[in-house]
Amino acid sequence: NAGVTQTPKFQVLKTGQSMTLQCAQDMNHEYMSWYRQDPGMGLRLIHYSVGAGITDQGEVPNGYNVSRSTTEDFPLRLLSAAPSQTSVYFCASRDRGQYEQYFGPGTRLTVT
Amino acid sequence: EDQVTQSPEALRLQEGESSSLNCSYTVSGLRGLFWYRQDPGKGPEFLFTLYSAGEEKEKERLKATLTKKESFLHITAPKPEDSATYLCAVQEYGNKLVFGAGTILRVKS
Numbered sequence: 001n002a003g004v005t006q007t008p009k010f011q012v013l014k015t016g017q018s019m020t021l022q023c024a025q026d027m028n029h030e031y032m033s034w035y036r037q038d039p040g041m042g043l044r045l046i047h048y049s050v051g052a053g054i055t056d057q058g059e060v061p062n063g064y065n066v067s068r069s070t071t072e073d074f075p076l077r078l079l080s081a082a083p084s085q086t087s088v089y090f091c092a093s094r095d096r097g098q099y100e101q102y103f104g105p106g107t108r109l110t111v112t
Numbered sequence: 001e002d003q004v005t006q007s008p009e010a011l012r013l014q015e016g017e018s019s020s021l022n023c024s025y026t027v028s029g030l031r032g033l034f035w036y037r038q039d040p041g042k043g044p045e046f047l048f049t050l051y052s053a054g055e056e057k058e059k060e061r062l063k064a065t066l067t068k069k070e071s072f073l074h075i076t077a078p079k080p081e082d083s084a085t086y087l088c089a090v091q092e093y094g095n096k097l098v099f100g101a102g103t104i105l106r107v108k109s
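One line per chain: the protein sequences are B and V, in this order.
The first sequence maps to residues 1 to 112 in this note's numbering.
The second sequence maps to residues 1 to 109 in this note's numbering.
Just chain B, with the same shape it has in the complex (with noise of 0.2 Å):
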């Protein structure tokens, strides 16, 4: 298995661009997860699902949009990039039931 996988390792968009971060699971799992990292903070929730078809917002959600039209693949899209948005993205999933949750290596975004 090759468990969680983001595309592309690294970005750098100007502002005002839009592009979509791929994640895809092969485990079968139902949650999937889109986490950013900033220094000094805490991993923070952007969005979740909790199966195909379905997903919601996390803490900060503004300026990025999910959907899940399948259970391997929840892409995260940024619609108009901002230099707040310059992070470390992580996408993660975990199997109904489980709480453990199971990350991918990540994206660095860097927003000019």
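I should point out that these hints are in silico values taken from the structure, not numbers from a laboratory.
Check before you lean on any hint, since a few could be wrong.
Here are the simulated lysine-lysine pairs, DSS-like style, with alpha carbons at most 27 Å apart [said to hold, decoys possible]:
{"no.": "1", "chain 1": "B", "residue 1": "14", "chain 2": "V", "residue 2": "96"}
{"no.": "2", "chain 1": "V", "residue 1": "96", "chain 2": "B", "residue 2": "9"}
{"no.": "3", "chain 1": "B", "residue 1": "9", "chain 2": "V", "residue 2": "42"}
{"no.": "4", "chain 1": "V", "residue 1": "79", "chain 2": "V", "residue 2": "57"}
Remember, it's a predicted structure, so these values are computed and weren't measured experimentally.
With the hints as your guide, set chain V onto chain B.
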């Protein structure tokens, strides 16, 4: 407001020098407390889950304990390869997982 506070922010140890990391929390209903290890440039790696006060879990040189208000990660005779950032997170009822800012551990040989 739910909070997770980790201390110290950074810890430097000599190889073999045992110590403990602290995670204190305030949540309305604890479903579980988690410890993760994060190496530079990588995603967090799951270490332990603790569900109730008094519970303990061990893995190699690491031992996690839980009380009603805090958790400790004890590191016995650490080695340089134990150097990493250790993250604590608590799960309350629902899907919300709240992370602490982490403790950066450096073990020198």
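Evaluation of the provided hints:
As the CA atoms of residue 14 of chain B and residue 96 of chain V are separated by approximately 32 Å, the hinted pair breaks the 27 Å bound. Pair hint residue 96 of chain V plus residue 9 of chain B holds up; C-alpha atoms about 26 Å apart against a cutoff of 27 Å. Annotation: proposed proximity of residue 9 of chain B to residue 42 of chain V holds, straight-line Cα distance about 10 Å (limit 27 Å). Taking the CA atoms of residue 79 of chain V and residue 57 of chain V, the gap is near 19 Å; set against the 27 Å cutoff, the hint holds.
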